[in-house]
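Number of protein chains: 2
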Amino acid sequence: MPELRLNLITREWVIIATERAKRPDDFRQKKDKKYLPERVSDCPFCPGNEGKTPGEIMQLSSDDEWKIRVTPNKFAALNIEGERQRINEGLKHLVTGVGRHEVIIESNLHNTTIALMPQNDVADVISSYKNRFLDIYNDPRIEHVIIFKNHGERSGTTIVHPHSQIVGTPVIPLQVRDRVEETTRYFDNTGECLMCATVRTEFAEGRRIILDSKHFLTFIPYAALSPFHTWIFPKRHMASFGDINDEEITDLAYSLKTVLLKFYNGIENPDYNYVIRSESPKESGSEYFHWYLSIVPRVIQAAGFELGSGMYINTSLPEEIAEFLRRVKV
Amino acid sequence: MPELRLNLITREWVIIATERAKRPDDFRQKKDKKYLPERVSDCPFCPGNEGKTPGEIMQLSSDDEWKIRVTPNKFAALNIEGERQRINEGLKHLVTGVGRHEVIIESNLHNTTIALMPQNDVADVISSYKNRFLDIYNDPRIEHVIIFKNHGERSGTTIVHPHSQIVGTPVIPLQVRDRVEETTRYFDNTGECLMCATVRTEFAEGRRIILDSKHFLTFIPYAALSPFHTWIFPKRHMASFGDINDEEITDLAYSLKTVLLKFYNGIENPDYNYVIRSESPKESGSEYFHWYLSIVPRVIQAAGFELGSGMYINTSLPEEIAEFLRRVKV
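Quick note, the sequences are listed as chains A and B, same order.
Sequential numbering from 416 applies to the first sequence in this note's numbering.
Sequential numbering from 416 applies to the second sequence in this note's numbering.
Only chain A is shown next, with the shape it has when bound in the complex (with noise of 0.2 Å):
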């Protein structure tokens, strides 16, 4: 029999289509493995190409090269300069698109992913996202950070270098303020953050984790809304991303390395998205919230059932992709 789970941060039901369900091996990825070279001479994120992104926002650098770079977006969806300005007409609303849109280039190498760079590089490219969240919410027009990474085709990016994007938004969006209301309202019927009750309730049944480090535990959702979807949730409560200390960027380099590696291992490099779900740093004494961030793999394709109804179908029992997880070598 299919089961309907509910997600309770976001209220909606996932259909685990136990009867449709594959086995996690299924979901082995086949595609043509492309031989990737180090650098490639048109890639605007490579070294020497540094001329084709605009002006360089921050470095980190060792010895005589760049490691991580950070620029505004050359396409960026909103516009830096500017004022916000509401503009109500009828049913008309608008709000002027002012905010901002960077670029975090994570390696000078093309060929790299977080899932095969040194723990110590992807705490780096933690930190910087950490640096750009706080730095962007100091901008009286933002209402809202969005850090989020798209690797491989299947999720949206056309660029092969290994790159996450930051988004300021002049808006709060309405995903966000639900979310934030249902973890309040969990807190008024409970007393309790629901994503602390959540750690404790996965760590005590333990059939959904796939890893447990000292400051994170890396779990598949209970409703995953598809297979491989991954939940990494910071053992301590923090309402705010931005008050990570360096402790756990270590921990979080090593949890997000060490997950992202058993996918490329698992099931031959997917593409995914990936997203931090955080409050900003003004509620960052909330008890209601607690940042989190969440991995989709882009293994199954959204369709008309999910865009008419917002529910998914998950193919997967959320259990044995754990297991299988588990098992991964790295």
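Wrong hints could be hidden among the right ones.
Same chains, same names: a pair is fine if it fits in one copy or spans any two.
[Unchecked claim] Keeping only pairs whose Cα atoms sit at most 20 Å apart, straight-line, the calculated EDC-like set for lysine to aspartate or glutamate is:
#1 Lys744 <-> Glu504
#2 Lys437 <-> Asp539
#3 Lys545 <-> Asp447
#4 Lys449 <-> Glu663
#5 Lys545 <-> Asp593
#6 Lys489 <-> Glu434
#7 Lys489 <-> Asp457
#8 Lys482 <-> Glu596
#9 Lys507 <-> Glu734
#10 Lys449 <-> Glu471
#11 Lys467 <-> Glu434
#12 Lys445 <-> Glu568
#13 Lys446 <-> Glu683
#14 Lys697 <-> Asp593
#15 Lys507 <-> Glu418
#16 Lys446 <-> Glu568
#17 Lys489 <-> Glu721
Derived from the structure by calculation, the hints contain no laboratory data.
Please arrange chain B on chain A, whose structure you already have, making use of the hints.
Relative to the frame of chain A, chain B by itself:
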């Protein structure tokens, strides 16, 4: 300057990325045109293979051959048999996966599509939707019914033969509840149905209209979530699709076929999903909701930003797309 536009039904912002915006022409699909025969021997939906689909639920035929067949989905996401049960255990909330999942085979021709079908045949497809929609709601375990179509590989289907699907779920999706809540709130504030108001103001402004038929207005939403996102709204206030009458079915067939043919001719048969968003027939008298059909061509790929924020980046101008489509000959 980019614009953030608010979708009043979902309350989500869309970034209209004016500075990255492409011309409507730029979304022309560059697919290899495959020659498709009228019949394919191993297609489960082609005549001669009726035994490959589970027991037929309904059939429409003329002369010696069937024109439309409705069957249970062989790979149903939900089980038709069983009791709807709610099981709560700590943070795990589960409903047994009972429900309906049917396939509407729209033609006995493998190589046709709504855009190319005679209008009368499209009307028959819509009549079948209505028939199944009303019948599935008779099942007391069913809380919500979604009618949708996946056309082309990027829409999430691997089956070429023209078909739609209809799913009855044992829960009301949160997305649906949220939309009803928003339109109810709009009614509270104004005394008018939001969709009736939208038809009125879109008609007055005219810039986003693609097609104006007797009973339907076909237009690009002000806050279209992606290029060529299209809404077809009935002009008569109807909360439930189940109330559509025969004259309206004929007119919807005309509008749907025409706009899909404009896509077909204008940007070379793009992949798309469409869904009918409707209240249950039990809410048929509701003043607050108003059913509509939403078409989302798969011409761009949602990425980490959309996943992480729920907001969309649309790299086209709704007004330009509408103008382009008005001019496409059919």
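We went through each hint and held it up to the structure:
With identical chains, the CA atoms of Lys744 and Glu504 are never at most 20 Å apart, being 58 Å at best within one copy and 33 Å at best between copies. Within a single copy, Lys437 and Asp539 get their C-alpha atoms no closer than 37 Å, and across copies no closer than 36 Å, so neither meets the 20 Å cut-off. For a Cα distance limit of 20 Å, the shortest separation of Lys545 from Asp447 qualifies neither inside one copy, at 35 Å, nor across copies, at 45 Å. For the homomeric pair Lys449 and Glu663, neither the shortest alpha-carbon distance inside one copy (35 Å) nor that between copies (53 Å) is at most 20 Å.
For the identical chains of this complex, Lys545 and Asp593 are neighbours neither inside a copy (24 Å) nor across copies (33 Å), given an alpha-carbon limit of 20 Å. In this homomeric assembly, Lys489 and Glu434 come within 20 Å of each other (Cα to Cα) only across copies, at 11 Å, whereas the closest approach inside a single copy is 46 Å. Taking the closest pair of Cα atoms, Lys489 and Asp457 come within 20 Å of each other only inside a single copy of the chain (15 Å); across copies the shortest separation is 48 Å, beyond that limit. For a Cα distance limit of 20 Å, the shortest separation of Lys482 from Glu596 qualifies neither inside one copy, at 39 Å, nor across copies, at 49 Å.
For a Cα distance limit of 20 Å, the shortest separation of Lys507 from Glu734 across copies, 13 Å, qualifies, whereas the shortest one inside one copy, 46 Å, does not. Taking identical chains as interchangeable, the C-alpha atoms of Lys449 and Glu471 are never at most 20 Å apart, the minima being 30 Å within one chain and 46 Å between chains. With identical chains, the CA atoms of Lys467 and Glu434 are at most 20 Å apart between copies only, with a shortest distance of 18 Å across copies and 50 Å within one. Taking the shortest Cα distances, Lys445 and Glu568 sit within 20 Å of each other both inside one copy (14 Å) and across copies (17 Å).
When the C-alpha separation of Lys446 and Glu683 is checked against a cutoff of 20 Å, the pair qualifies only within one copy, where the shortest distance is 8 Å, while the shortest distance between copies is 27 Å. For the identical chains of this complex, Lys697 and Asp593 are intra-copy neighbours only, at 18 Å inside a copy versus 28 Å across copies, given an alpha-carbon limit of 20 Å. When the C-alpha separation of Lys507 and Glu418 is checked against a cutoff of 20 Å, the pair qualifies only between copies, where the shortest distance is 11 Å, while the shortest distance within a copy is 41 Å. Taking the shortest alpha-carbon separations for Lys446 and Glu568, both the intra-copy value of 11 Å and the inter-copy value of 17 Å come in at or below 20 Å.
When the C-alpha separation of Lys489 and Glu721 is checked against a cutoff of 20 Å, the pair qualifies only between copies, where the shortest distance is 19 Å, while the shortest distance within a copy is 32 Å.
Checked against the numbered hints above, the structure breaks hints 1, 2, 3, 4, 5, 8 and 10 and satisfies the rest.
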